[in-house]
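**Q** Could you slot chain B onto chain A? The hints should help.
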Amino acid sequence: EPEVTQTPSHQVTQMGQEVILRCVPISNHLYFYWYRQILGQKVEFLVSFYNNEISEKSEIFDDQFSVERPDGSNFTLKIRSTKLEDSAMYFCASSSQGVSDQPQHFGDGTRLSIL
Amino acid sequence: LAKTTQPISMDSYEGQEVNITCSHNNIATNDYITWYQQFPSQGPRFIIQGYKTKVTNEVASLFIPADRKSSTLSLPRVSLSDTAVYYCLDADFGNEKLTFGTGTRLTIIP
Numbered sequence: 001e002p003e004v005t006q007t008p009s010h011q012v013t014q015m016g017q018e019v020i021l022r023c024v025p026i027s028n029h030l031y032f033y034w035y036r037q038i039l040g041q042k043v044e045f046l047v048s049f050y051n052n053e054i055s056e057k058s059e060i061f062d063d064q065f066s067v068e069r070p071d072g073s074n075f076t077l078k079i080r081s082t083k084l085e086d087s088a089m090y091f092c093a094s095s096s097q098g099v100s101d102q103p104q105h106f107g108d109g110t111r112l113s114i115l
Numbered sequence: 116l117a118k119t120t121q122p123i124s125m126d127s128y129e130g131q132e133v134n135i136t137c138s139h140n141n142i143a144t145n146d147y148i149t150w151y152q153q154f155p156s157q158g159p160r161f162i163i164q165g166y167k168t169k170v171t172n173e174v175a176s177l178f179i180p181a182d183r184k185s186s187t188l189s190l191p192r193v194s195l196s197d198t199a200v201y202y203c204l205d206a207d208f209g210n211e212k213l214t215f216g217t218g219t220r221l222t223i224i225p
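Protein sequence lines correspond, in order, to chains A and B. Using the working numbering, the letters of the first sequence correspond one by one to residues 1 to 115. Using the working numbering, the letters of the second sequence correspond one by one to residues 116 to 225.
Since the hints were derived computationally from the structure, they do not count as laboratory data.
Straight-line alpha carbon distances no greater than 27 Å define the calculated DSSO-like cross-link-like pairs of lysine-lysine that follow:
#, chain 1, residue 1, chain 2, residue 2
1, A, Lys-83, A, Lys-57
2, B, Lys-118, A, Lys-42
3, B, Lys-212, A, Lys-42
4, A, Lys-83, B, Lys-212
5, B, Lys-212, A, Lys-78
6, A, Lys-57, B, Lys-118
7, A, Lys-42, A, Lys-57
8, A, Lys-78, A, Lys-42
9, B, Lys-184, A, Lys-42
10, B, Lys-184, B, Lys-118
11, A, Lys-57, B, Lys-212
This structure is a prediction, so every number in the text was calculated from the model and none was measured.
The following block holds chain A by itself, in its conformation from the complex (with noise of 0.2 Å):
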């Protein structure tokens, strides 16, 4: 069964410093997103990504962050200047339609620790 895969599974870095998360969607899906999860805490929306473009955004999703799909197959979320409370799991997920009929897929995520 077609997966999507995130790397690095887990990335420490200095606060102040950028992140770059990486991930591979599904390949004929087309549309993307980012989640992240706070050490027990809810799974929280950040950005929903089509057509070379941010459709939907969260008050998460500041200037601090962006999204890029750099080609055909990598979905990247960067992160300037970490925060310590930028420490979560993220999770990317794809679909292959934006609508509620078409279940999003995610990857085991990565975990990110700002030290």
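**A** Only chain B this time, still in chain A's reference frame:
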């Protein structure tokens, strides 16, 4: 404001059938009900989705009554590996983001 309401936790013995009920009183006409499973340190995994009546796949069944204000996820003959958090989501038609609640923490007892 939570769109769905489900029990915080449930325990069950191995081999039993487990039913987790979710309330979604304000579900819109075009919305689907979607269930995900999450193990520690892993991403949510899609289990099943339905609009009304009954849907069954290789891992679960989903029952949605005619008024669609609730749904029940049924896991047949659970095993220890089914210990996880189960999320019921009301997926808005045309609204791409998924809104997760706190889910139901299911613990299977040997």
